[in-house]
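Please model the complete structure; the sequences and the hints are all you need to start from.
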Amino acid sequence: MAWAWPRILLGVALGGALLLEPGAARGADGGPAPLYQAEPPPFTPGIFPCTQCHQGPGDPTRRRLGFHDDVQDRFDHDAEHRWCLDCHDNADRDVLHLSSGERVPFTASYRLCGQCHGDKFRDWRVGVHGKRTGQWNGAKTYYLCVNCHDPHSPRFKPLRPDPRPQRPEEMGP
Amino acid sequence: MSAGGPGGGGLSRRQFLGRGLAVVAAAAASGCRVEELIGRSFRELSRDDVARVLARAARRQSARFGRPVTVDGAGPLPGVDFGYGLDLSRCIGCRRCVTACVKENNPSRRRPQIQWIKVLELDKARGVDLAHADAYYEADAVPRPGHFYMPVQCQQCRKPPCVKVCPVGATWKEPDGIVVVDYDWCIGCRCCMSACPYGARHFNWAEPDLPADELNPSTHYLGNRPRPKGVVEKCTFCIQRVRHGRYPACVEACPVGARKFGNLLDPESEIRQVMERKRVFVLKEDLGTQPQFYYFYAT
Ligand code: SF4
Ligand code: SF4
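These protein sequence lines map, in sequence, to chains U and Y.
Each residue of the first sequence is one higher than the last, beginning at 1 in my numbering.
Each residue of the second sequence is one higher than the last, beginning at 1001 in my numbering.
Calculated from the structure, these hints are not laboratory results.
Since we're looking at a predicted model, the values are computed, not measured.
Note that beta-carbon positions come from the ideal geometry of N, C-alpha and C, so glycine has one too.
Take these hints with a grain of salt, some might be off.
In the DSBU-like style, the derived pairs of lysine-lysine whose C-alpha atoms are separated by at most 30 Å in a straight line are [stated by the list, open to error]:
| hint | chain 1 | residue 1 | chain 2 | residue 2 |
| --- | --- | --- | --- | --- |
| 1 | Y | K1278 | Y | K1124 |
| 2 | Y | K1118 | Y | K1164 |
| 3 | U | K120 | Y | K1124 |
| 4 | Y | K1103 | U | K157 |
| 5 | Y | K1118 | U | K120 |
| 6 | Y | K1118 | Y | K1229 |
| 7 | Y | K1278 | U | K157 |
| 8 | U | K157 | Y | K1118 |
| 9 | Y | K1118 | Y | K1159 |
| 10 | U | K157 | U | K120 |
| 11 | Y | K1278 | Y | K1159 |
| 12 | Y | K1124 | Y | K1284 |
| 13 | Y | K1159 | Y | K1229 |
| 14 | Y | K1284 | Y | K1118 |
| 15 | Y | K1118 | Y | K1173 |
| 16 | Y | K1229 | Y | K1103 |
| 17 | U | K120 | Y | K1278 |
| 18 | Y | K1173 | Y | K1278 |
| 19 | U | K157 | Y | K1124 |
| 20 | Y | K1278 | Y | K1118 |
| 21 | Y | K1164 | Y | K1284 |
Per label pair, the in silico range of CB-to-CB distance [stated by the list, open to error]:
| hint | chain 1 | residue 1 | chain 2 | residue 2 | range |
| --- | --- | --- | --- | --- | --- |
| 22 | U | T51 | Y | Q1290 | 50 to 60 Å |
| 23 | Y | G1146 | U | Q72 | 26 to 36 Å |
| 24 | U | D73 | Y | G1146 | 24 to 34 Å |
| 25 | Y | A1125 | U | P60 | 44 to 54 Å |
| 26 | Y | V1280 | U | T51 | 44 to 54 Å |
| 27 | Y | G1079 | U | R164 | 35 to 45 Å |
| 28 | Y | E1207 | U | C50 | 58 to 68 Å |
| 29 | U | R164 | Y | Q1290 | 22 to 32 Å |
| 30 | U | Q72 | Y | P1255 | 23 to 33 Å |
| 31 | Y | S1046 | U | P45 | 52 to 62 Å |
| 32 | U | C50 | Y | D1134 | 44 to 54 Å |
| 33 | Y | R1190 | U | T133 | 29 to 39 Å |
This is the structure we're talking about:
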């Protein structure tokens, strides 16, 4: 399964200010509640840093690549109009870039997603979209867009449901 | 501790008489010893008595399961009124919330099987039409095309009919909004079950079947403390977690982030942000129960 990438638990602490409007999600003491990034972005094992292979800038022409077939095979994110270097930075493959050209690290990929999905981004920043765990009144762990959505095929994949409850007649007296 | 919590005042004479008669009548009907029933419910206890009752409960539960069990009595946090949000445009009906709830809250596993969350499968074409809801759907993968899913659990009503009908005052609403049951005070008459319009209350009609190795030993007196036979139970928003600032277990288990929880009195809380930004509705609004559980569509 393409999205069964390993999740390395690191718990990288990020400043709450990065994510939140001032005052959002207050802690128990009235100060801003600390937010912790759940997990680093999920990479295919062994693939990061990308500069292991990509040192200088490559050919920027849009084309089918001879490598990364797993990504190309499942790529379903406005695939008609977009390709790798729309998001991955050509000069520094270890980072992404916004449409303005500004570079962003993988840990801040939500800024890239938010360029097109502004409504979801706004909801996510205040905790309406997405998932958080931890304290409702204090320190929280948040999930990046890419912790739940495969950026190359973002639609949420169907799941096998947990077992149904017993019907009353199956429980017996 | 607040007025409604432990240590909060006695009964009026009228309440006392009413309760006394109800207790005697219920005792006669259920065959219990009257002495067992006339005493004090948890919320009427003094602080010292609470400590004693908690210690006794922990001792008994530890003996019952042959492993250490803690029984917490944490009261409501000041300035907190809990609200819950469920995003119907996100829920995919995977029942992970049900599984997490069972693991956390120590309900009987089978005969009776008790689950506080019921996930309903509904037809997109019909909308929220509970007469055509199916809680027993089976599938290789969800969401199934043409369907949407609506989890239902205790709505922690502001005007809870279940509380109103209890003849012995064994169930009440706490100042933080949680409707609780004192399992040592419940006489098992099941009036509350017929009064609840949401099917949120469940009855232990046999000795609960909870294997010791599946027990969650971290319990609250008014929440996931293992129940005896013959009492009613229901969702408490995970009182044992939320009174210590943690999210309910179902919120953390939901893989799509459909479940939101927080303090309705804090304008920056996730639940208040939901209410300010999204279309929110409550289930069976026309009944006037005023749930503190809000459904919404985030799309
Ligand atoms: S949903 Fe049912 S059990 Fe829960 S508070 Fe309302 S009436 Fe009572
Ligand atoms: S875990 Fe979330 S998505 Fe799954 S049934 Fe429960 S609320 Fe719906």
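Do C50 (chain U) and D1134 (chain Y) keep their Cβ atoms within the hinted range of 44 to 54 Å?
holds, 48 Å
Holds or violated: K1278 (chain Y) with K1118 (chain Y), Cα cutoff 30 Å?
holds, 24 Å
Tell me if the beta carbons of E1207 (chain Y) and C50 (chain U) are separated by a distance inside 58 to 68 Å.
Since E1207 (chain Y) and C50 (chain U) have Cβ atoms about 60 Å apart, the given range 58 to 68 Å holds.
Take the C-alpha atoms of K120 (chain U) and K1124 (chain Y), compute the straight-line distance between them, and say whether it is at most 30 Å.
Within the cut-off at roughly 23 Å; holds.
With 44 to 54 Å as the target window, see if A1125 (chain Y) and P60 (chain U) comply at their CB atoms.
At roughly 48 Å between Cβ atoms, P60 (chain U) and A1125 (chain Y) fall inside 44 to 54 Å, so the hint holds.
Take the C-alpha atoms of K1124 (chain Y) and K1284 (chain Y), compute the straight-line distance between them, and say whether it is at most 30 Å.
OK: K1124 (chain Y) and K1284 (chain Y) at ~19 Å, within 30 Å.
Just to be careful, I want the Cα atoms of K1229 (chain Y) and K1103 (chain Y) compared with a cutoff of 30 Å; is the pair within it?
Holds, at roughly 19 Å.
A range of 24 to 34 Å was offered for this pair. Does it hold for the Cβ distance of D73 (chain U) and G1146 (chain Y)?
The hint (24 to 34 Å, Cβ to Cβ) holds, given that D73 (chain U) and G1146 (chain Y) are roughly 29 Å apart.
Quick one: are G1079 (chain Y) and R164 (chain U) within 35 to 45 Å, going by C-beta?
holds, 40 Å
I want to verify a distance hint. Is the separation of the beta carbons of T51 (chain U) and Q1290 (chain Y) within 50 to 60 Å?
holds, 59 Å
Given pair status - K1118 (chain Y), K1284 (chain Y), alpha carbons within 30 Å:
holds, 16 Å
In this structure, is the beta-carbon distance linking V1280 (chain Y) and T51 (chain U) contained in 44 to 54 Å?
holds, 48 Å
In summary, this structure violates none of the numbered hints.
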